[in-house]
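As you go down the protein sequences, you meet chains A and B in turn.
First residue of the first sequence? That's 126 in the numbering used here, and the numbers climb one at a time after it.
First residue of the second sequence? That's 132 in the numbering used here, and the numbers climb one at a time after it.
Please keep in mind that the hints were generated in silico from the structure rather than gathered at the bench.
Computed from a predicted structure; not experimentally measured.
Note that beta-carbon positions come from the ideal geometry of N, C-alpha and C, so glycine has one too.
Check the hints yourself; a few may be wrong.
[What the hints assert, rightly or not] Among chain A residues calculated to face chain B with C-beta under 10 angstroms, some are:
#, residue
1, Pro209
2, Ala210
3, Ile248
4, Gln335
5, Ile356
6, Gln375
7, Lys543
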Amino acid sequence: MSKPLEFKNRRDFLKKLGTASAATLAMGAPRSFGDEIEQPEAKADCCILLWMGGGMAAPDTFDPKHYEPFRKGLKVSDVGSTFPAIPTSVSGINFTEGFEEVAKVMDRGTLIRSAVQPDLGHILHSRHQYHWHTGYVPPQTVAAPHIGAWMAKVLGQRNEAMPAFIDIGQRLEGVGEKEELKAFHTGGFFGSEFGPFLLPYPDQAIGAVQPPKGMTPSRFANRYKLYKKLISEGLVGKSGSEFQQESMLQSMEKAHRLLNSREAAAFDLTKENEKSAGKYGKTRFGQGCLLARRLVESGARFIEVTTEYQPFKHWDTHEKGHTTLKRLKSEIDQPIAQLIRDLEERGMLDRTLVVIASEFSRDMMIEGVPGSNARDQTTHKVDVISELKHYGQHRHFTGGTSVLMFGGGVKKGFQYGKTANERPFVAVENPLAVEDLHATIFQAMGISPKTSFDIEGRPFYATKDGIGKPAMEIFS
Amino acid sequence: MRDRKTMILKTQIAFLIAVTSLAPAKVDFAHEVLPILKENCAKCHTNGKYKGGLSLDTRETLLDSETVEPGDSQNSLFIQVLTAQDEDERMPHDADPLPTDSIATLAKWVNEGLAWEKGFTFKKKTWKAPLGHQKVDLPGPEGGNPIDRIAAVYFQKNRVQPPASISDARFLRRVSLDLVGLLPLQSELEKFVTSDLGEKREAKIKQILSRDLDYADHWMTFWNDLLRNDYAGTGFIDGGRRQITGWLYLSLKENKPYDQFVRELLNPTAESEGFIKGIKWRGNVNASQVPEIQFAQNVSQIFFGENMKCASCHDSFINDWKLEDAYGMAAIIAGKPLEMYRCDKPTGEKMDAKFLFHELGPIDKTSSRDDRLKRVAELATTEGNGRLARTIVNRLWARLMGRGLVEPVDMMSNRPWSEDMLDYLAWDFAKNGYNLKRTLSIIVSSRTYQSATVIASKSGEGFVFEGPSAKRMTAEQFIDAVWGITKTAPGKIDAKVERKSEKARVVRASLVKSTLLMRALGRPNREQVVTTRPADLTTLQALELNNGREFVNYLNRGATKLVDEKERVETLYLEALSRLPSSLEKQVAREILGARVTPESAADFLWAILMLPEFQFIN
Numbered sequence: 126m127s128k129p130l131e132f133k134n135r136r137d138f139l140k141k142l143g144t145a146s147a148a149t150l151a152m153g154a155p156r157s158f159g160d161e162i163e164q165p166e167a168k169a170d171c172c173i174l175l176w177m178g179g180g181m182a183a184p185d186t187f188d189p190k191h192y193e194p195f196r197k198g199l200k201v202s203d204v205g206s207t208f209p210a211i212p213t214s215v216s217g218i219n220f221t222e223g224f225e226e227v228a229k230v231m232d233r234g235t236l237i238r239s240a241v242q243p244d245l246g247h248i249l250h251s252r253h254q255y256h257w258h259t260g261y262v263p264p265q266t267v268a269a270p271h272i273g274a275w276m277a278k279v280l281g282q283r284n285e286a287m288p289a290f291i292d293i294g295q296r297l298e299g300v301g302e303k304e305e306l307k308a309f310h311t312g313g314f315f316g317s318e319f320g321p322f323l324l325p326y327p328d329q330a331i332g333a334v335q336p337p338k339g340m341t342p343s344r345f346a347n348r349y350k351l352y353k354k355l356i357s358e359g360l361v362g363k364s365g366s367e368f369q370q371e372s373m374l375q376s377m378e379k380a381h382r383l384l385n386s387r388e389a390a391a392f393d394l395t396k397e398n399e400k401s402a403g404k405y406g407k408t409r410f411g412q413g414c415l416l417a418r419r420l421v422e423s424g425a426r427f428i429e430v431t432t433e434y435q436p437f438k439h440w441d442t443h444e445k446g447h448t449t450l451k452r453l454k455s456e457i458d459q460p461i462a463q464l465i466r467d468l469e470e471r472g473m474l475d476r477t478l479v480v481i482a483s484e485f486s487r488d489m490m491i492e493g494v495p496g497s498n499a500r501d502q503t504t505h506k507v508d509v510i511s512e513l514k515h516y517g518q519h520r521h522f523t524g525g526t527s528v529l530m531f532g533g534g535v536k537k538g539f540q541y542g543k544t545a546n547e548r549p550f551v552a553v554e555n556p557l558a559v560e561d562l563h564a565t566i567f568q569a570m571g572i573s574p575k576t577s578f579d580i581e582g583r584p585f586y587a588t589k590d591g592i593g594k595p596a597m598e599i600f601s
Numbered sequence: 132m133r134d135r136k137t138m139i140l141k142t143q144i145a146f147l148i149a150v151t152s153l154a155p156a157k158v159d160f161a162h163e164v165l166p167i168l169k170e171n172c173a174k175c176h177t178n179g180k181y182k183g184g185l186s187l188d189t190r191e192t193l194l195d196s197e198t199v200e201p202g203d204s205q206n207s208l209f210i211q212v213l214t215a216q217d218e219d220e221r222m223p224h225d226a227d228p229l230p231t232d233s234i235a236t237l238a239k240w241v242n243e244g245l246a247w248e249k250g251f252t253f254k255k256k257t258w259k260a261p262l263g264h265q266k267v268d269l270p271g272p273e274g275g276n277p278i279d280r281i282a283a284v285y286f287q288k289n290r291v292q293p294p295a296s297i298s299d300a301r302f303l304r305r306v307s308l309d310l311v312g313l314l315p316l317q318s319e320l321e322k323f324v325t326s327d328l329g330e331k332r333e334a335k336i337k338q339i340l341s342r343d344l345d346y347a348d349h350w351m352t353f354w355n356d357l358l359r360n361d362y363a364g365t366g367f368i369d370g371g372r373r374q375i376t377g378w379l380y381l382s383l384k385e386n387k388p389y390d391q392f393v394r395e396l397l398n399p400t401a402e403s404e405g406f407i408k409g410i411k412w413r414g415n416v417n418a419s420q421v422p423e424i425q426f427a428q429n430v431s432q433i434f435f436g437e438n439m440k441c442a443s444c445h446d447s448f449i450n451d452w453k454l455e456d457a458y459g460m461a462a463i464i465a466g467k468p469l470e471m472y473r474c475d476k477p478t479g480e481k482m483d484a485k486f487l488f489h490e491l492g493p494i495d496k497t498s499s500r501d502d503r504l505k506r507v508a509e510l511a512t513t514e515g516n517g518r519l520a521r522t523i524v525n526r527l528w529a530r531l532m533g534r535g536l537v538e539p540v541d542m543m544s545n546r547p548w549s550e551d552m553l554d555y556l557a558w559d560f561a562k563n564g565y566n567l568k569r570t571l572s573i574i575v576s577s578r579t580y581q582s583a584t585v586i587a588s589k590s591g592e593g594f595v596f597e598g599p600s601a602k603r604m605t606a607e608q609f610i611d612a613v614w615g616i617t618k619t620a621p622g623k624i625d626a627k628v629e630r631k632s633e634k635a636r637v638v639r640a641s642l643v644k645s646t647l648l649m650r651a652l653g654r655p656n657r658e659q660v661v662t663t664r665p666a667d668l669t670t671l672q673a674l675e676l677n678n679g680r681e682f683v684n685y686l687n688r689g690a691t692k693l694v695d696e697k698e699r700v701e702t703l704y705l706e707a708l709s710r711l712p713s714s715l716e717k718q719v720a721r722e723i724l725g726a727r728v729t730p731e732s733a734a735d736f737l738w739a740i741l742m743l744p745e746f747q748f749i750n
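When you get a sec, could you build the whole thing from the sequences and use the hints?
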């Protein structure tokens with residue numbers, strides 16, 4: 126496998142980009158008010174976001190509270206967690222039952238327990254997911270880019286034959302709220318060049334970088350060769366804008382480079398030896414983690430792997446929270462831990478930032494934050510639990526959310542922030558707003574939260590109004 | 132006593148600076164410094180008035196004054212005078228001293244190096260876009276196309292060699308794609324090229340524009356982008372958004388006079404009210420994005436080419452619009468005075484309804500919401516409002532010529548490269564019943580339009596018009612062309628529109644919900660107003676065109692038909708490129724097709740033709 130291409134510095138990168146696609150620069154280079162901004166030194170070259178779409182309940186995952194096992198007649202208000210706490214490899218940090226494998230690698234990562242989200246009134250996953258992924262609360266006057274698009278735009282490709290921004294596991298067709306999902310799975314005002322390369326099914330990913338079904342590689346190569354010959358015999362240069370035509374041909378060339386590259390093999394999960402593949406399990410998320418590891422090895426810049434957001438499925442528990450999470454945790458525990466181990470084994474963890482996050486947390490009692498006017502959306506509004514389906518975190522909670530990070534210069538075995546021991550489980554130490562969490566991620570990647578682009582004459586920042594502040598304490 | 136006061140004041144400021152400097156956030160010029168300068172200093176020290184020789188117009192002029200030492204507020208006269216005890220010395224003159232927190236902000240700003248919003252200047256532009264219509268005396272000779280008459284003088288003055296004219300075939304391909312979004316049929320092309328009728332181009336233009344349904348099909352793309360109408364998208368899920376599809380299609384089909392079209396959008400019927408309703412999200416929304424403000428922003432941008440997005444949050448620093456202008460527009464639809472929010476914080480001030488060009492007339496603040504909407508529809512389309520016509524004719528020009536008379540097309544306060552051209556076309560448009568097809572016809576009838584595309588040698592502010600520029604096909608034009616060539620158009624449309632004899636009509640991309648392929652090719656999510664689409668083919672798009680399932684499927688289905696075609700190379704060149712292949716091209720085509728044409732080789736040939744820049748660009 127060819128070595129991922131690292132640019133020595135940003136100017137070098139811009140030069141490369143300039144030759145590749147001058148038009149993409151037309152929008153303006155990063156700039157800020159007054160003096161040039163200083164970009165922090167990058168701790169990581171790439172970022173993997175493991176997205177727990179639907180609202181991952183902190184009390185039932187990484188932030189155990191008072192546990193009460195299920196029983197009829199249990200008062201909802203008496204329950205903090207529906208899973209008992211388990212120890213991790215770091216003393217003083219406990220997870221909940223079902224995360225035994227991730228618990229073993231906690232000594233490689235930092236656990237943030239104090240992420241918070243704004244009170245937007247009525248809680249919609251789509252708005253909070255848009256906010257989390259772009260840094261801006263919708264609606265917006267311009268199409269805000271996904272953070273993956275920011276990384277693709279500001280940092281560029283690591284490897285010219287590998288799309289910079291890859292999105293694994295989320296379908297944008299045939300699922301609920303698909304229009305809302307499309308709204309932030311986008312390069313936004315950066316244009317589609319920086320948008321996500323979508324791979325909804327990891328085991329079919331290879332199809333996206335292969336000649337079309339039924340076409341042999343030799344026919345595919347021949348078709349392109351003759352196409353180029355046809356162009357040289359045609360009217361190129363004789364009419365129209367040479368610049369536009371040239372940029373079009375360059376994009377064709379880049380696409381073909383990917384389709385013919387050795388890197389394309391990274392998309393093929395059947396190429397992974399059975400033993401190591403087996404460690405990721407057979408679920409779509411597990412396969413997604415494996416694919417992410419292979420793509421990072423081959424030079425992807427930003428990869429999101431999701432458990433897939435679907436309204437009322439997976440993490441989006443409006444009822445049956447406990448049983449759903451039991452299943453979900455069993456599907457993701459092993460692959461997450463394996464991803465960390467594999468990256469570490471390959472000496473890549475230090476330069477890869479892995480982030481496990483969700484749009485907000487959940488609670489047994491409180492919708493939004495205490496005092497919010499958000500409407501209670503749980504399916505069964507009971508005070509006393511009489512059936513198993515009542516047992517779980519069925520309200521959306523924005524006052525204290527866990528985010529787990531590995532690699533990319535973050536401290537090992539460290540906890541940042543905490544939530545109250547008694548309900549409401551709000552962040553009581555180092556609350557970290559979305560823009561600050563983003564600033565932290567960007568910091569690791571070497572992007573200032575004040576990085577801005579001129580959009581319609583206005584500056585548009587990597588974090589809302591440029592105000593995001595990284596939690597520097599989490600870096601070693 | 133005096134000194135002591137000064138001491139205390141200075142200590143307070145020092146303390147404030149110390150406290151604020153604990154917070155690592157730097158002072159924000161646009162949001163924190165600029166309002167102070169505007170309110171207290173601008174009157175005497177900017178835009179032509181430079182009392183004491185101090186100009187705050189730009190960072191440079193401020194530095195030139197030598198009153199500021201970046202990084203050292205204590206040794207900056209600019210800051211010292213703010214706390215001077217002597218009233219003659221203290222700034223601002225004849226006014227109360229600045230509040231201490233304002234002084235602290237300015238001092239911090241100086242200490243941090245005097246950051247400035249790039250490009251911002253207090254100096255007003257010397258050129259001001261006129262609001263009313265301007266009379267243009269067409270230069271000689273009588274009878275010619277007015278655009279050519281104005282262009283002739285322009286070319287001469289700017290020493291530009293007028294661009295070469297184009298062949299009939301090229302003209303037909305261009306005008307057909309531009310007016311109805313379709314490639315000319317082979318039979319149509321042959322008939323047109325071989326016809327020796329005089330004025331045949333004029334006749335053709337007339338005939339194309341009379342194809343009402345094709346015209347409406349095509350322009351739905353443009354107007355859906357502009358009015359952010361779509362058949363699926365955010366907001367529909369919970370009734371926070373409504374389509375105007377039926378109304379829009381009918382309006383285009385009938386070539387509804389544009390002034391009436393605008394009135395029906397601003398003062399709507401049930402069919403067109405989706406536009407002013409905007410997109411409503413459940414939950415709390417930032418004050419600058421509530422539906423009332425969306426109305427202010429969208430109406431200003433779409434119909435008048437004014438950017439009200441900055442002013443929705445604070446007085447703009449990229450144009451002259453103020454917070455109260457945005458809220459004045461918003462209050463029209465709110466139906467009551469609106470409390471103004473600056474940067475999402477309430478100001479306590481209320482704003483009454485006010486049209487953005489308030490010189491055109493007032494809006495009775497005691498009138499009902501319905502009456503206000505009626506009134507705003509009047510003001511928008513009143514004779515004295517030349518901006519309405521200028522904005523739309525400029526958009527049409529940009530679509531047809533590849534670049535606007537004014538750029539960007541949403542900044543109509545910028546100077547056009549030819550005021551005469553813009554003023555004439557706008558005046559002609561308004562005088563002749565706001566007839567969109569008439570203006571389109573004038574443009575495409577001009578020799579200027581019927582010229583070879585050029586690459587402008589100067590872009591940006593010094594732009595000189597040298598001829599039309601090539602345009603990339605929109606996603607819809609591309610897909611319509613592919614469907615036409617491969618005979619793969621889907622069976623039905625998604626748009627709820629009245630098309631007579633629906634069964635016989637071909638399905639157009641503009642009338643179906645967006646697909647992965649369309650999105651990849653640049654059809655936008657219509658959450659925001661879109662007035663220009665990206666011109667470049669990106670790598671991800673190229674990938675989609677190489678192995679995307681949807682596109683490959685069209686190719687394969689088209690190929691089986693191509694196998695049976697006799698003159699397949701000539702036919703495809705004529706259909707796709709409106710020309711015959713050269714002998715060298717024929718040779719390569721034979722190489723691709725092979726000795727015995729198979730569905731595979733035909734698909735490859737089809738692919739190669741559809742991927743030619745010559746195919747994907749309208750030039």
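Comparing the hints with the structure gives:
| no. | hint | verdict |
| --- | --- | --- |
| 1 | Pro209 | 35 angstroms, violated |
| 2 | Ala210 | 34 angstroms, violated |
| 3 | Ile248 | 7 angstroms, holds |
| 4 | Gln335 | 7 angstroms, holds |
| 5 | Ile356 | 7 angstroms, holds |
| 6 | Gln375 | 9 angstroms, holds |
| 7 | Lys543 | 23 angstroms, violated |
Hint violations for this structure: numbers 1, 2, 7, all remaining hints satisfied.
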